[in-house]
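**Student:** Here is what each chain is made of, one letter per residue.
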Amino acid sequence: MRDMSKIVKITALVVLAPLITFGLYIIAHGHLTPGGGFQGGVIIASCFALLFIAFGKQSKHMLNKELLSVAESLALFGFVFLALLGLRKSFLNNFLANSGAMFGASVPFGTKEAYINTAGTIPLMNILIGLEVSCALTIIMLLMLNEKVSKHAGK
Amino acid sequence: MKAAKIIFVIIFAYFLIACALLLRPFGSPTETTMDEYFIKNAQIETASNNVVASIVFDYRGLDTLGEATVLFAAVSGVILLFRGGVPK
Amino acid sequence: MLHIITLIAILASALLAIEAKDLLVSVVMLAAMSFLLSLEFFLLQAPDVAITEAAVGGCLTTAIFVLAIKKTRRLEDESS
Numbered sequence: 000m001r002d003m004s005k006i007v008k009i010t011a012l013v014v015l016a017p018l019i020t021f022g023l024y025i026i027a028h029g030h031l032t033p034g035g036g037f038q039g040g041v042i043i044a045s046c047f048a049l050l051f052i053a054f055g056k057q058s059k060h061m062l063n064k065e066l067l068s069v070a071e072s073l074a075l076f077g078f079v080f081l082a083l084l085g086l087r088k089s090f091l092n093n094f095l096a097n098s099g100a101m102f103g104a105s106v107p108f109g110t111k112e113a114y115i116n117t118a119g120t121i122p123l124m125n126i127l128i129g130l131e132v133s134c135a136l137t138i139i140m141l142l143m144l145n146e147k148v149s150k151h152a153g154k
Numbered sequence: 000m001k002a003a004k005i006i007f008v009i010i011f012a013y014f015l016i017a018c019a020l021l022l023r024p025f026g027s028p029t030e031t032t033m034d035e036y037f038i039k040n041a042q043i044e045t046a047s048n049n050v051v052a053s054i055v056f057d058y059r060g061l062d063t064l065g066e067a068t069v070l071f072a073a074v075s076g077v078i079l080l081f082r083g084g085v086p087k
Numbered sequence: 000m001l002h003i004i005t006l007i008a009i010l011a012s013a014l015l016a017i018e019a020k021d022l023l024v025s026v027v028m029l030a031a032m033s034f035l036l037s038l039e040f041f042l043l044q045a046p047d048v049a050i051t052e053a054a055v056g057g058c059l060t061t062a063i064f065v066l067a068i069k070k071t072r073r074l075e076d077e078s079s
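Residue numbers (numbering that gives the first Met the number 0), protein chains in the order written: chain A, 0 to 154; chain B, 0 to 87; chain C, 0 to 79.
Isolated chain A (complex conformation):
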């Protein structure tokens, strides 16, 4: 596996920050515009794929495998916990909507201006799903790029 040239590496580092910002924008505005947690998470994961393509073997020490694994598990646990919090009425009940608390402003019917402080638990679930998807796809690519197949596999 040959190394990429310096031009590719510098260009990848320059493009990385705007792309991650775009993915975070897609996640944060999931309840107002098309997009959401899954799409934004995939965009962030493809930013890290660009990093892995440009840097090859050197990217082994850039990201911590254990930290990504813990973050993914915590995001999925948080999703289930948030779903269980609405159990007073039903599972996955949107208990924050129209309540006046965080993300609790109500929305009139029809096409009006959109405010980010609406929609109850939907933005929180978008953030958690985005964290889970980006960490999962990044850890799959990191392992497939750097690690050898286990000696005991297939026995």
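Any given hint could turn out to be false.
As the list claims (entries may be wrong) - Label-pair ranges, simulated between beta-carbon atoms:
id : chain 1 : residue 1 : chain 2 : residue 2 : range
1  : B       : F7        : C       : I7        : 24 to 30 Å
2  : B       : T32       : A       : V69       : 41 to 47 Å
3  : B       : C18       : C       : A45       : 15 to 21 Å
4  : A       : L83       : B       : A12       : 48 to 54 Å
5  : A       : L23       : C       : D21       : 34 to 40 Å
Unchecked claim - No farther apart than 30 Å at their CA atoms in a straight line, the calculated lysine-lysine pairs in the BS3-like style are these:
id : chain 1 : residue 1 : chain 2 : residue 2
6  : B       : K1        : C       : K20
7  : A       : K59       : C       : K70
8  : C       : K69       : A       : K5
9  : A       : K5        : C       : K20
10 : A       : K88       : C       : K20
11 : A       : K56       : C       : K70
12 : A       : K59       : A       : K5
13 : C       : K69       : A       : K88
14 : A       : K111      : B       : K39
15 : A       : K8        : C       : K70
16 : A       : K8        : A       : K64
17 : B       : K4        : A       : K88
18 : C       : K69       : A       : K64
19 : C       : K20       : C       : K69
20 : A       : K59       : C       : K69
21 : B       : K4        : C       : K70
22 : A       : K59       : A       : K8
23 : C       : K70       : A       : K64
24 : C       : K20       : A       : K64
25 : A       : K111      : C       : K69
26 : A       : K88       : C       : K70
Just so you know, these hints were derived from the structure itself, not from any lab.
By construction, the Cβ of each residue, glycine as well, lies at the ideal position given by its N, Cα and C atoms.
With chain A held as given, fit chains B and C onto it using these hints.
**Tutor:** What follows is chains B and C alone, placed relative to chain A:
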């Protein structure tokens, strides 16, 4: 053997063309009670301007939970396969 | 009219992806087919599906294919 392949392709093409001719025109589904309920009530009940997001994360939240669980199972399988074998 | 042009371009890029001799050219043609497919979803008024198709099919699958192809070697390099 070749005749069987050609007959299979003709039958497959017949069913594809029949399905394409039986499609309803764009934008006029048969059963619309569910759609009308979502269009009328989703914006007020979940206070979300994007009705697709309110369906994915609220009304059909179990589907999203299943998708996240599938990704978690895939990551568990990959970690199990690449769990640090001795490089030759 | 735009529908028909997009569908013909999807078919043409898919055929080019099959017929290409170089694996990298094939992967790039597959990415082009994916982006045209997302344009078609956008024309059919499904922007959510279009964003998903562009992100998964256009970016992530291409990146994983390129990562896999980087681990192989070309035939010309092996003979020299």
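**Student:** It remains to establish, for every hint, whether it holds in the given structure.
**Tutor:** Okay, the hints, checked on the actual structure:
1. B:F7 / C:I7: 24 to 30 Å: holds (27 Å)
2. B:T32 / A:V69: 41 to 47 Å: Check passed, 45 Å falls within 41 to 47 Å.
3. B:C18 / C:A45: 15 to 21 Å: holds (20 Å)
4. A:L83 / B:A12: 48 to 54 Å: holds (51 Å)
5. A:L23 / C:D21: 34 to 40 Å: holds (36 Å)
6. B:K1 / C:K20: holds (28 Å)
7. A:K59 / C:K70: Answer holds: K59 of chain A to K70 of chain C is near 16 Å, not above 30 Å.
8. C:K69 / A:K5: Satisfied, since the Cα-Cα distance of roughly 17 Å is no more than 30 Å.
9. A:K5 / C:K20: holds (28 Å)
10. A:K88 / C:K20: Since the Cα atoms of K88 of chain A and K20 of chain C sit roughly 60 Å apart, the hinted pair is violated (cutoff 30 Å).
11. A:K56 / C:K70: Measuring from Cα to Cα gives roughly 11 Å; hence the hint holds.
12. A:K59 / A:K5: Roughly 18 Å between the alpha carbons, so the hint for K59 of chain A and K5 of chain A holds.
13. C:K69 / A:K88: Answer violated: K69 of chain C to K88 of chain A is near 53 Å, above 30 Å.
14. A:K111 / B:K39: It holds: about 15 Å lies between the C-alpha atoms, which stays within 30 Å.
15. A:K8 / C:K70: Judged against 30 Å, a Cα distance of about 18 Å means the pair holds.
16. A:K8 / A:K64: The hint holds at about 22 Å.
17. B:K4 / A:K88: violated (57 Å)
18. C:K69 / A:K64: holds (22 Å)
19. C:K20 / C:K69: Holds: K20 of chain C and K69 of chain C sit about 16 Å apart, inside 30 Å.
20. A:K59 / C:K69: At roughly 16 Å apart (the allowed maximum being 30 Å), K69 of chain C and K59 of chain A satisfy the hint.
21. B:K4 / C:K70: violated (37 Å)
22. A:K59 / A:K8: Roughly 15 Å separates the two Cα atoms, so the pair holds.
23. C:K70 / A:K64: Holds, at about 21 Å.
24. C:K20 / A:K64: Roughly 37 Å separates the two Cα atoms, so the pair is violated.
25. A:K111 / C:K69: With a Cα-Cα distance of about 50 Å, the restraint between K111 of chain A and K69 of chain C is violated, given a limit of 30 Å.
26. A:K88 / C:K70: violated (53 Å)
Checked against the numbered hints given earlier, this structure breaks hints 10, 13, 17, 21, 24, 25 and 26; the rest are met.
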